[in-house]
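J.: Residues per chain, in single letters:
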Amino acid sequence: MKKHNNLIWFVAATAMILSLVVVCNDQVYGAYRRQHMDVPAPALVFQAFTETPSLQEEDLPVKASAAVKLASNDTYSEIGPGIPENEAKIPEQAADSTAGTQPAQQEQPAQQEQPAQQGQPPQPVQVSQPVFVTADMSYFDDACFIGDSFTQGLSIYSKNPGADYYYSVGVSTKGISKASFTLPGGGTGKLWDVLGQKQYKKVYLLLGINELGGDAPEVFAQRYGEIVKQIQAVQPEATVFIQSILHTTQNKSASSAFKNEIVNRNNEALKMLADNNKVFYIDINPLFDDETGALRSDISGDGVHLKAPCYIEWRDYLLRKVPAWLVSGAGTAMAA
Amino acid sequence: MALSDLKFIFWFLPVFMIIYVLAGAKLKRIVLPVSGLCFYCFGAGIPGLIFYIGSALLNYVSAILISKTAGGIKKLILILTLLVNSGVLLFFKYANLISVIIPEGFGFRSVLPELVMPLGISFYTFSFASYVIDVYRGTIAADRDIITYSGYAAFFPKLISGPIVKYGEMQEKLKSCGTTRENIEEGFCTFVIGFGMKVLIADSLAPVWEHILSIGFESISTPLAWIGALSFSLRLYFDFNGYSLMAMGIGKMCGFDLPANFDLPYLSRSISEFWRRWHITLGTWFRDYVYIPLGGSKNGKLRLILSLSAVWLCTGIWHGSTFNYILWGLCLLTFILLERFLLNGFLEKHPAAAHFYVCFVIVQTWVVFAIPDIRDIGNYFTRLYPFLRKANEFVYFQDYVEVLKSKWPFLAAGIFFCLPFFRKWYEKNRKSPVVTVMLFVVFWASVYMIAKQGSNPFMYCSF
Chain A
1 MKKHNNLIWF VAATAMILSL VVVCNDQVYG AYRRQHMDVP APALVFQAFT ETPSLQEEDL
61 PVKASAAVKL ASNDTYSEIG PGIPENEAKI PEQAADSTAG TQPAQQEQPA QQEQPAQQGQ
121 PPQPVQVSQP VFVTADMSYF DDACFIGDSF TQGLSIYSKN PGADYYYSVG VSTKGISKAS
181 FTLPGGGTGK LWDVLGQKQY KKVYLLLGIN ELGGDAPEVF AQRYGEIVKQ IQAVQPEATV
241 FIQSILHTTQ NKSASSAFKN EIVNRNNEAL KMLADNNKVF YIDINPLFDD ETGALRSDIS
301 GDGVHLKAPC YIEWRDYLLR KVPAWLVSGA GTAMAA
Chain B
1 MALSDLKFIF WFLPVFMIIY VLAGAKLKRI VLPVSGLCFY CFGAGIPGLI FYIGSALLNY
61 VSAILISKTA GGIKKLILIL TLLVNSGVLL FFKYANLISV IIPEGFGFRS VLPELVMPLG
121 ISFYTFSFAS YVIDVYRGTI AADRDIITYS GYAAFFPKLI SGPIVKYGEM QEKLKSCGTT
181 RENIEEGFCT FVIGFGMKVL IADSLAPVWE HILSIGFESI STPLAWIGAL SFSLRLYFDF
241 NGYSLMAMGI GKMCGFDLPA NFDLPYLSRS ISEFWRRWHI TLGTWFRDYV YIPLGGSKNG
301 KLRLILSLSA VWLCTGIWHG STFNYILWGL CLLTFILLER FLLNGFLEKH PAAAHFYVCF
361 VIVQTWVVFA IPDIRDIGNY FTRLYPFLRK ANEFVYFQDY VEVLKSKWPF LAAGIFFCLP
421 FFRKWYEKNR KSPVVTVMLF VVFWASVYMI AKQGSNPFMY CSF
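Protein sequences appear in the order of chains A and B.
The first sequence: position 197 = 197 (the numbering used here), numbered continuously.
The second sequence: position 84 = 84 (the numbering used here), numbered continuously.
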């Protein structure tokens with residue numbers, strides 16, 4: 001009698017068992033199932049298991065309520081974004097790798113009108129105008145960069161060994177607590193376990209490309225804001241620089257989920273987190289955009305990431321966006 | 001919808017198999033085309049479906065007309081049909097090139113929203129052309145029965161990405177559709193092997209090339225360049241072979257013996273042999289409908305060169321619409337001619353050198369295949385051979401270390417499954433419990449991988 005390879009029956013039986021598990025456990029899977037109607041039940045178990053959880057209270061080093069208050073304000077949004085975009089664009093063929101060893105130049109940004117808030121009368125709020133100077137490479141000696149694959153790119157290609165880099169390819173604001181980060185000096189670990197071990201004066205943050213289109217911009221910005229608070233809790237002397245999410249090329253934006261409309265909406269929400277005192281928002285996009293407001297296609301091989309030479313330009317751009325007091329050594333903009 | 005989509009595996013396939021098995025013989029013949037049209041519609045939408053049905057009907061009618069006429073008119077109908085078939089195919093391949101910038105990344109996918117190449121058109125057009133030509137030659141009789149013809153035309157496993165099946169290969173079983181428990185079990189095992197190849201090996205190697213793309217070809221180290229070329233070569237093989245095995249497996253479950261598309265190609269001892277073991281149904285198509293009609297090898301050296309040139313030019317064009325595909329075809333033509341006239345004696349006497357030669361050359365031809373921009377191909381080769389041009393200041397010479405650390409198991413597995421050991425062992429032990437357990441794990445590991453990161457669409461889908 002021929003033996004039978006009964007694989008298909010075992011697979012079918014397992015699939016049915018998994019489906020039953022999903023259907024009979026509505027409290028656990030119900031909401032997830034309704035959100036993901038196009039995923040078959042047997043796979044739903046796996047997918048739900050591998051989804052990164054939201055930022056959990058227990059994962060944070062300090063409970064949010066006890067977090068250090070921002071120097072000037074412990075609510076976001078009223079003070080508008082103050083970083084002007086009157087920077088000249090880097091010409092296409094520039095191989096600008098000179099470090100910024102220039103005498104400090106004062107940059108007076110153009111006066112900005114306070115935009116009226118939606119549904120509220122314009123508020124006469126004191127907008128602190130940031131004054132930017134250009135620093136030299138030693139500025140990065142007490143700086144660190146935290147983020148995703150773009151931060152990995154900075155760590156490898158920006159020729160900036162003075163700074164420290166904490167990156168996790170593919171990380172999002174949702175998964176940042178559980179993700180495995182590559183740490184300065186090699187090795188991996190959880191971000192909140194290690195971030196307090198060395199004190200920085202400047203923390204550059206870049207997240208967002210891995211979570212376009214999941215949540216509303218305000219929800220994303222709120223999670224981001226929690227992360228900023230957590231960073232400040234373990235880095236009380238640091239100024240946090242929120243870097244804009246980078247645009248994707250026209251082709252990528254049109255043909256994939258990495259859409260520039262969503263990038264722009266999320267960046268607008270991130271701008272609200274800046275207070276121009278301890279938290280700044282820096283728009284990187286003018287450096288790499290084409291005339292349509294998408295990433296230039298000649299500097300991206302895959303439509304999302306930047307080719308190696310761009311990271312030098314990025315580093316130098318950041319050196320021109322330095323709040324004056326961080327170079328002069330004074331306390332804060334509002335120090336007595 | 002592709003064969004590796006979870007929706008196909010857990011919804012479409014079980015429903016189809018249950019209906020197919022329970023249906024009587026007559027009903028089975030109808031279930032085949034209906035399921036095929038549904039499957040195609042899920043993937044291509046209504047416009048694609050209408051286009052496809054039009055093409056199928058055109059060839060159906062044309063074959064009947066051919067069988068009813070003779071002489072000049074018969075030939076005229078054939079020529080007109082082939083002109084329409086090839087005209088439409090060429091139009092879709094080249095219209096996109098004219099009206100949009102060359103897409104970045106792979107260059108396979110067309111990004112133009114208004115003019116999308118109909119899903120599977122390269123495969124089904126060749127399939128229908130083979131049918132019409134075979135009727136003209138008298139190899140087969142035209143199928144008057146639209147139901148059995150539709151069963152052939154719309155057989156969903158082969159519909160979108162091949163294998164390119166000749167009518168004669170399905171003819172008998174189409175008339176008397178049926179399957180056995182043995183077929184279902186054996187077919188499903190083949191399906192799972194293909195599924196695992198595609199998801200566990202190919203999809204795991206795909207990020208290597210993406211990573212290299214994102215750095216920019218000018219800024220990678222030489223080791224990374226070679227690892228990238230190797231990864232791409234393995235990924236392409238396991239992606240396409242995996243998909244072909246999935247198609248064959250489902251074909252077997254339905255009682256059909258679809259032709260194999262791959263036969264351990266990386267074991268070849270010449271490039272000519274490689275292309276008899278890689279994408280076999282395409283090679284066979286070109287041999288039977290282009291190479292031999294043009295004279296092949298039996299009509300002197302000049303005819304040989306002409307026939308081979310025609311085949312390889314067409315092969316390049318068939319694979320894509322950017323110039324690098326034509327360059328790729330020409331590269332392969334050069335090696336094949338070299339072998340014909342110079343190298344074959346040496347290769348036969350020195351198998352070790354032959355194996356190395358094939359792998360060494362083929363891996364580099366895939367680099368030409370992979371990169372749409374000719375200058376970028378040049379950049380890549382200066383990284384493969386760093387003495388050609390000094391590295392730019394941005395190269396990070398340790399960049400391959402991270403990649404190797406995370407991908408070495410998949411590279412090793414890829415190389416292992418290119419060798420004959422697994423296949424020999426599998427053939428002997430197909431029904432043993434060890435195989436059952438192994439394939440069970442492979443199946444659910446693949447489902448888990450897909451659930452974790454979303455399906456990686458089959459690379460050949462836009463052909």
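There's no promise every hint is true.
Some but not every residue of chain B turned toward chain A, in silico, with C-beta under 10 angstroms [claimed, not checked]: (1) P14; (2) G178; (3) T179; (4) I184; (5) E186; (6) F188; (7) V192; (8) E348; (9) K390; (10) E393; (11) F394; (12) E427; (13) K428.
It is worth saying that the hints were derived from the structure and are not from the lab.
Everything numeric in this text was worked out from a predicted model, so none of it was measured.
Using N, Cα and C, we set each Cβ at its ideal position, and we do this for glycine too.
J.: Could you check if B/T179 really has its C-beta closer than 10 angstroms to a C-beta on chain A?
T.: violated, 12 angstroms
J.: Any CB of chain A closer than 10 angstroms to the CB of B/E348?
T.: violated, 39 angstroms
J.: Does the CB of B/F188 sit less than 10 angstroms away from some CB of chain A?
T.: holds, 4 angstroms
J.: Any CB of chain A closer than 10 angstroms to the CB of B/E393?
T.: Hint holds; B/E393 Cβ to chain A Cβ min 7 angstroms, cut 10 angstroms.
J.: Please check whether B/K428 passes as an interface residue: C-beta within 10 angstroms of a C-beta belonging to chain A.
T.: Not OK, violated: B/K428 not within 10 angstroms of chain A, min 13 angstroms.
J.: Can you verify the interface hint for B/G178: is its Cβ closer than 10 angstroms to any Cβ in chain A?
T.: Where the cut-off is 10 angstroms and the nearest Cβ of chain A is about 18 angstroms from B/G178, the hint is violated.
J.: So, B/V192 near chain A? Judge it on the closest CB pair being under 10 angstroms.
T.: Status holds, d = 7 angstroms.
J.: How about B/K390: closest beta carbon in chain A under 10 angstroms, or not?
T.: Since the shortest Cβ distance to chain A is 14 angstroms, the answer is violated.
J.: Is the hint on B/I184 kept, meaning its closest Cβ partner in chain A is under 10 angstroms away?
T.: holds, 6 angstroms
J.: Next item in the hint list is B/F394. Is there a CB on chain A closer than 10 angstroms to its CB?
T.: This hint holds: B/F394 lies near chain A, its Cβ roughly 4 angstroms from the closest one there, short of 10 angstroms.
J.: Quick check on the hint: B/P14 CB to chain A CB, less than 10 angstroms?
T.: holds, 7 angstroms
J.: Under the criterion of a CB-CB separation shorter than 10 angstroms, is B/E427 in contact with chain A as hinted?
T.: violated, 13 angstroms
Against the hints set out earlier in the document, violations occur for numbers 2, 3, 8, 9, 12, 13.
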